[in-house]
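Student: Chain order of the listed sequences is A and B.
Numbering (our numbering) for the first sequence: -1 to 282.
Numbering (our numbering) for the second sequence: 13 to 280.
Since the hints were derived computationally from the structure, they do not count as laboratory data.
Predicted, not measured: the structure shown is a model, and the values here were computed from it.
Among the hints, a few may not be true.
[To be verified] Distance windows between CB atoms, simulated:
#1 M153(B) <-> D133(A): 29 to 37 Å
#2 I211(B) <-> E217(A): 30 to 38 Å
#3 G39(A) <-> I215(B): 18 to 26 Å
#4 F50(B) <-> D173(A): 48 to 56 Å
#5 S193(B) <-> E141(A): 35 to 43 Å
#6 E158(B) <-> E271(A): 53 to 61 Å
#7 C47(B) <-> K71(A): 52 to 60 Å
#8 I155(B) <-> G58(A): 30 to 38 Å
#9 R216(B) <-> I273(A): 42 to 50 Å
#10 P12(A) <-> N202(B): 31 to 39 Å
#11 R216(B) <-> E27(A): 34 to 42 Å
#12 S103(B) <-> P12(A): 50 to 58 Å
#13 P174(A) <-> A214(B): 26 to 34 Å
#14 G39(A) <-> M99(B): 53 to 61 Å
[Said to hold, decoys possible] One side only, chain B facing chain A, incomplete, derived with CB under 10 Å:
#15 F169
#16 P171
#17 S227
#18 Y240
#19 K243
Think of the CB as a built atom: it goes at the ideal place given N, C-alpha and C, for glycine as much as any other residue.
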Amino acid sequence: MAIIRASNLTYTYPFAEKPAFKNVNLEIERGEFVLLTGPSGCGKTTLCRCFNGLIPHFYGGTLEGEIIVAGLKPSEHAIYEMAQHVGFVFQNPENQLFALTVEKDVAFGLENLGLPRDEIRRRVDWALKVTGIYDLKDRAPFELSGGQQQRVAIASVLAMQPEIIVLDEPTSFLDPLSAKSILEVIHRLNRELNITVILVEHRLDLAARYASRVIVMDEGQIILDEEPRKAFLEEKTKMVGVGIPKVVRLYLLLREDGINLSRVPLSPDEAAESIVEVLESDRG
Amino acid sequence: MSMLDGLRLLDGLRFRNISSPIHKIDPRAKFVYVCALFFVAILFNQIIPLLILFLSQVPLVIIARVKKEWLRLIRGSIFFAALIFAMNVISLYFYGGYPSLASIIEHSLAMTLRFIVLVESFSIFFLTTSPDIFGLSLEQMGIPYEFCFAFTTAIRFVPVLAEETQTIMDAQRARGLELESGGFIKRIRNYIPILIPLIVNAIRRSLELAEAMESRAWGASKKRTNLYALKMGGKDYCFIIISIIIILISIYVWLFIKIPSITQIMQL
Ligand SMILES: Nc1ncnc2c1ncn2[C@@H]1O[C@H](COP(=O)(O)OP(=O)(O)O)[C@@H](O)[C@H]1O
Ligand SMILES: [Mg+2]
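For reference, chain A alone in the conformation it holds in the complex (with noise of 0.2 Å):
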């Protein structure tokens, strides 16, 4: 069964003249790694906030259609109780951490549970040493740079160890390399726990490589879900302004050339993989 599935969905934010988003059809299967694109202000992130009950909860405003995440209406549930199956990041590290310590702000979640004190420092130590930053468990937040802000986020919903972990532009206030490499914890998290990812991402260059499904939205309406490396062939992806990976543009070039790639490459080092790979078989 579909750990994520709307059908007919259509949400209008109160006093918004039309709907954010208009009849979104979308089941997501567990353990699946979703790469979501589009133009700033086509909905992406009012989609991902009917997946833990922001909206209707947080927000109001009239949520039409039916969605179920995790088995559970968000609607029917409050906030904190679809909290424990669905983590969000959000883009604004700063923003989403409040201790004083990281220890402490990992901890938040799982003291708000009422968890006995024991379960919440194995979850938490678990959850620091997961993402890579056990060792700055002492520091204050607000003293780490973006990247490691970010991974103190990721690391705060993970201790409440949910199925789906919903990422909403997380690197868009980090340099490449950070940028890079908290989509690596976040592609451990999927590929080690098994951990649905949903990933709001405009660095397609470093996140297609990680996803099993690339959804692409444009004023409020999904048009066009596939795997990537046919996603990123498809006409639709370049009309809308999603600026597809570099490799991608590299592969399309090769076949107007007459050059045919045994795949469509999603990282660098596939890229070169193939063109080896072709460049041998020339010779052979």
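Add chain B with the ligands to chain A, keeping to what the hints say.
Tutor: Chain B with the ligands in isolation, oriented as in the chain A frame:
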């Protein structure tokens, strides 16, 4: 004093993660100690006991390894100290039945010193107590968690706000805003282009914070756990006993020993 100086002063109150014997004392015990100092400072209005009180805190500051921050706070309070001194001199000159100018100045100095002692003990407390731990001790004293959380979050965002204010001021200056020009009203009006973005940002920030809190199960359980638990130990009880002894000694001195004023000593 500009808004930024105010924030800097607050930033001076910012806890720095140092470890010292004083940092390790339970905040509740330290709180009793600060109360004792407050009590003694209010009890006496002569220079000599206030000066002794002031100086007796210096070793504590050195043990706590917060000398630099402490000095900055004392320096930061000089503006208010001068104000208090001036007000005292003026009001005593016109209304008090003081025999001489020297005794007026002495009394005003004592009042100023009292203020500085209050600032001093207050800062020793805050410089050596992590706000997290302070919030926790409030929580353990039965104060509602929402309040404690608001307190620690406010402290956590002081440096962020200070930085943001600086950024906005720089941006507005770059666009030609002059802060220190014109008369009094004009000067206040100068700050509007800084206040508006600051407030708008603060509102946006607090909405984002609320969203993030909700997403991390805020309010899930009536019985919230805290990662840390405070326990009073032998050292903490010692500290409390010392505080009580300080109070008893000063009551004794106040009742039975006549403290000479500096003016009197000089006349001898
Ligand atoms: N809190 C809000 N209140 C009202 N309208 C909003 C709110 N947040 C976003 N919107 C509107 O909803 C639409 C989708 O925005 P959003 O989901 O933030 O897009 P994206 O994340 O893809 O950039 C936009 O037209 C935006 O103006
Ligand atoms: Mg968005």
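Student: Would you mind marking each hint as holding or not holding in the structure?
Tutor: Verification of the supplied hints:
Look at M153(B) against D133(A): about 33 Å separates their beta carbons, and that is inside 29 to 37 Å. Take I211(B) and E217(A): their Cβ atoms lie about 33 Å apart, and the range 30 to 38 Å holds. A hinted range of 18 to 26 Å for the beta carbons of G39(A) and I215(B) is consistent with their spacing of about 21 Å. For the pair F50(B) and D173(A), the beta carbons lie near 49 Å from each other, so the given range of 48 to 56 Å is met.
Look at S193(B) against E141(A): about 36 Å separates their beta carbons, and that is inside 35 to 43 Å. Look at E158(B) against E271(A): about 56 Å separates their beta carbons, and that is inside 53 to 61 Å. Between C47(B) and K71(A) the Cβ separation comes to about 53 Å, which falls inside the hinted range of 52 to 60 Å. Restraint check, I155(B) to G58(A): a C-beta distance of roughly 32 Å satisfies the suggested window 30 to 38 Å.
The hinted window of 42 to 50 Å between R216(B) and I273(A) holds, with their beta carbons roughly 47 Å apart. With their beta carbons about 37 Å apart, P12(A) and N202(B) fall inside the hinted range of 31 to 39 Å. Our hint of 34 to 42 Å for R216(B) and E27(A) holds, since their Cβ atoms are close to 36 Å apart. As the Cβ distance of S103(B) to P12(A) is approximately 56 Å, the hint placing it in 50 to 58 Å holds.
About 31 Å separates the C-beta atoms of P174(A) and A214(B), a value consistent with the hinted range of 26 to 34 Å. The hint said 53 to 61 Å for the Cβ distance between G39(A) and M99(B), and at roughly 57 Å that hint holds. Given the 10 Å rule on beta carbons, the hint for F169(B) holds: about 8 Å separates it from the nearest Cβ of chain A. At a threshold of 10 Å, the smallest CB-CB gap from P171(B) to chain A is about 6 Å, leaving the interface hint in force.
Taking 10 Å as the C-beta cut-off, the interface hint given for S227(B) holds, the closest approach to chain A being about 4 Å. Evaluation of the Y240(B) hint against chain A yields a held restraint, the C-beta minimum of about 8 Å falling below 10 Å. Hint status for K243(B) relative to chain A: violated, with the closest Cβ pair at about 13 Å, above 10 Å.
In summary, the one numbered hint that this structure violates is 19.
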